[in-house]
Amino acid sequence: AADIARVIRDDPGLAARLLKIVNSAFFSFPRRVETVSQAVTVVGTAQVRDLALATSVITMFADVPSEVVDMESFWKHSVGAGVCARVFAGHRREGNVERFFLMGLLHDIGRLIMLMQLAEETGRALVRARDEGQPAHAVEREECGFDHGQVGGALLEQWNLPASLQEAVQYHHRPRLASRFPVETAAVHVADIVAHALELGCSGERRVPALAPEAWEALGIDVETVPVILDEIEAQYEAVSNLVDNALAA
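Residue numbers (our numbering): 1150 to 1399.
Rather than coming from a laboratory, the hints here were simulated on the basis of the structure. Certain hints may be false.
[As the list claims (entries may be wrong)] Heads up, simulated EDC-like pairs for lysine to aspartate or glutamate below, C-alpha to C-alpha not over 20 angstroms straight-line:
hint, residue 1, residue 2
1, Lys1169, Asp1159
2, Lys1169, Glu1381
3, Lys1169, Glu1383
4, Lys1169, Asp1394
5, Lys1169, Glu1183
6, Lys1169, Glu1387
[Said to hold, decoys possible] Label pairs and their computed distance ranges (CB to CB):
hint, residue 1, residue 2, range
7, Asp1280, Trp1308, 29 to 39 angstroms
8, Glu1183, Glu1270, 20 to 30 angstroms
9, Asp1280, Lys1169, 37 to 47 angstroms
10, Gln1187, Leu1360, 34 to 44 angstroms
11, Gly1282, Glu1183, 50 to 60 angstroms
12, Val1191, Ser1390, 42 to 52 angstroms
13, Gly1244, Glu1270, 37 to 47 angstroms
14, Val1276, Ala1151, 48 to 58 angstroms
We put the beta carbon where it would ideally sit given N, CA and C, even for glycine.
From just these sequences and the hints, can you work out the full model?
So, in structure tokens, the structure goes:
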């Protein structure tokens, strides 16, 4: 815990962004959290680590050049999906809901790698997907031989992030292929769809992805709780959506 706090303190911008999140309606703590060490104590070591990584990744990938994807809108969609996954996890009584936030936030990161390394093919895939009304991940596989989920999963493996994050990101468009972490993958799959449906930013796709029935079943959320869930998503998204502006300006 002390190591995490020290690393974050050594980066004043990261520390400021983290404390801003911790003191927002995202957590709704009754008292203000003044220091990173205090944040680690009240939020938890793993949770703070995941939140720190989430804000850092946005800063790392702030300047991806692209004519087909607006970066601010891309990250707002990613944060939206993270919030949705976090709310789902809370309703499932999962232990570390920030892990789900991180999964949702990173779900499309492979698209950024593809835009950086295969700009022409990826751009063509996104334009084709829009024009033809096709799922972008399917057209990516036609144009590039793989999709952004596969690239994202490989990146998270390179970063030595937990296997649950890798699988959820890799298969968020094809949740039936998730063999080890079906709940996490289902959460990200549904979160992506809800973020699109609520128009929380845009990842470069113009259509709301189709819902896989097996993912909704694996998520195990009672339909009657959906109105409450949507209210929570709206409140939490409002609390952290400016995280994107702060991180992009860092």
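TODO: List, from low to high, the hint numbers that the structure doesn't satisfy.
DONE: 8 and 12
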